[in-house]
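Bring the two chains, given one by one in their own frames, into a single complex with the hints.
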Amino acid sequence: MAAFPNAQPLEGFTGGVLIGIAAAIMLLGLGRIAGVSGLAARATGIADSGGPRDVAIAFVLGLPLGAGLLNLATGGIATHFPDSASTLVIAGLLVGFGTRLGSGCTSGHGVCGLSRLSRRSILATALFMASGFVTVALLRLAGLA
Amino acid sequence: MKRILVALTAGSLFGAGLAWSGMVDPLRVRNFLDLFGDWDPTLAFVMIGAIFPMAVAWRLRARFQKPFADAHFDLPGTTRLNRPLALGAILFGIGWGIGGLCPGPAIAGLALAPLKTTIFAAAMLAGMLAQRLSSR
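Quick note, the sequences are listed as chains A and B, same order.
Going by numbering that gives the first Met the number 0, the residue at position 73 of the first sequence is 72; the numbering climbs one at a time, nothing skipped.
Going by numbering that gives the first Met the number 0, the residue at position 102 of the second sequence is 101; the numbering climbs one at a time, nothing skipped.
Just chain B, same shape as in the assembly (with noise of 0.2 angstroms):
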C-alpha cells in the first residue's frame, strides 16, 4: 500500500511539472523542435531543471541500502551501446516532431484534452504492442 501512495504521489507531481513547465503543450515542444521558426528554448530549462535533483538523488542513492517505501533497487545495467537503442531513438525522435508529444506529456494531457491524447496513446501502445511481436 504504502509503494502506491508513493508512486501515486511521484507520479502526480510529475504530471503537475510536466503541465506548469508548458510540456504538455506539444506546440511548445514542437517549437522547441523547430530550428528555423518560432524557437522556443523553453524545454531546455525543463531538462536541466529535472536533471538537478535526480543528480542529488543519484548520489544519495549510493547511501541506501534499500529504497525507502521498497525491498530493493531495480535499475537498468547495461551499459552497451547498440542498435536497437540507436535505431529506436531515431525512430522516437521522428514520432516526437512529427506530433509534439512524448509518452509523459501525451498520458499528462488525458485530463487537458481526453479526446487528442487518448487517440495518441492508443497509437502509441499500439506501437509498444508491435514492438513487442517484432521482437520475437
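Looking at chain A on its own, in the form it has when it is part of the complex (with noise of 0.2 angstroms):
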C-alpha cells in the first residue's frame, strides 16, 4: 500500500512544470511576475499600478480557459468546494486582504520569487505555508476540518 494513497505526484509535477513554463513566458515575454493576486487586481481596476491593464485581463482570463478546456479534453476534473457559502466569503476575504497586503500569493511568492530566491518571497511562502498549516490543525482539533 502507498504511503500517501491520494497522492498524484506524477500529475503534480507535470502540471507544475507547465505552470512554471507559463510563468517564463509571462516574465521573458510580457517581463511580468506571473502573480495572480497581483495581476486579479490590475485587471479589476482594483490595483492602478503594475503594468499594463490589457496583459493582467488576458492573463486572468487565461486561467478558467485553460482549465476549462483541459476539463473537456479530459473528461471531467473532480472539484470538491467547501459547501457553506458563508465558509467562501470568509476565505475569500481573508486571501484577497492578505494577498494584496502581503504583495503575493502561492504564485507570485511561491513559485516566481522562490525560484529567485527573493529574500521577502521567502519570508512570504515560509509564513503563509505555516499558517495554513496551523489553520487547518486548529480548524481539525475545532472538529471543523
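Since the hints were derived computationally from the structure, they do not count as laboratory data.
No false leads were slipped in.
Which residues of chain B face chain A? A few of them, derived with a C-beta cut under 10 angstroms, are:
no. : residue
1   : L7
2   : A9
3   : I47
4   : D69
5   : L80
6   : A88
7   : F91
8   : G98
9   : P104
10  : S133
Which stretches of chain B does chain A cover? Using the computed rule of at least three CB atoms under 8 angstroms from a CB of chain A, they are:
no. : segment
11  : 12-26
12  : 35-42
13  : 55-67
14  : 106-113
15  : 122-130
What you are looking at is a predicted structure, and each value in this text was computed from that prediction instead of being measured.
We treat Cβ as the ideally placed atom computed from N, Cα and C, and that holds for glycine.
Shown next, in the form of C-alpha cells:
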C-alpha cells in the first residue's frame, strides 16, 4: 500500500512544469511576474499600478480558459468545494486582503519569487504555508475539519 | 495585440497546469495543509515542477535586453522584509487553510465550479478592495 494513497505526484509535477513554463513566458515575453493576486487586482482595476491592464486581463481570462479546455479534453476534473457560502466568503476575504497586503500569493511568491531566491518571497511563502498548516490543525481540533 | 495573445497563452497554460496538477480541487490543497489528516503531498510536487522552468527563466532573463513581446521588464525590486509582508502572508495562509483556495485555482475554477468560485472570487476582490482602501 502506498504511503499517501491520494497523492498524484506525476500529475502534480507535470502540471507544475506547465505552470512554470507559463510563468516563464510572462517573465521573458512580457517582463512581468505571473502573480495571480497582483494580476487579478490589476485586471479589475483594484490596483492602478503594476503594468499594462490589457496584459493582466488577458492572463486572468486565460486561467479558466485553460482549465476549462483541459477539463473538456480529459473528460472531467473532480473538484470538492466547501459546502457553505459563508466559509467561501470568509476564506475569500482573507485571501484577497492578505495577498494584497503581503504583495503576492502562491504563484507570485511561491513560484516566481522562490525560483529567484527573493528573500521577501522566501519569508512570505514560509509564513503562508505555516499559517495554512496551523489553521487546518486548529480547525481539526475544533472539529471543523 | 501580440502581448495580449502572449498573456492569454500564458494564462491558459497556467490554468491548464492548475487543472492537470489537481490544484483546482480545494480538497486536495486542504489535504496538503492537513498534517494530522490524510496528508496529500501533491502540492509540493507542483511547486517543485513549477520552480524548475522559472529558475531557468530567471537565468535567461539576464541575456534579454527587453522581453520578446513587450517594451521593458517591470519586476519587483524591493528586498525589504517588513510587517505588511509578514502580516499579509499570515492572513492569506489562514484564508487558504479555511477554503483550500488561493487566487489562481479560484479563478481557473470558474470554468469547473462557477457558483462556488464566483462566491469566493467576489469575496476575494472585496478583500483586495478593502486592503486598498485601508492603506490610504
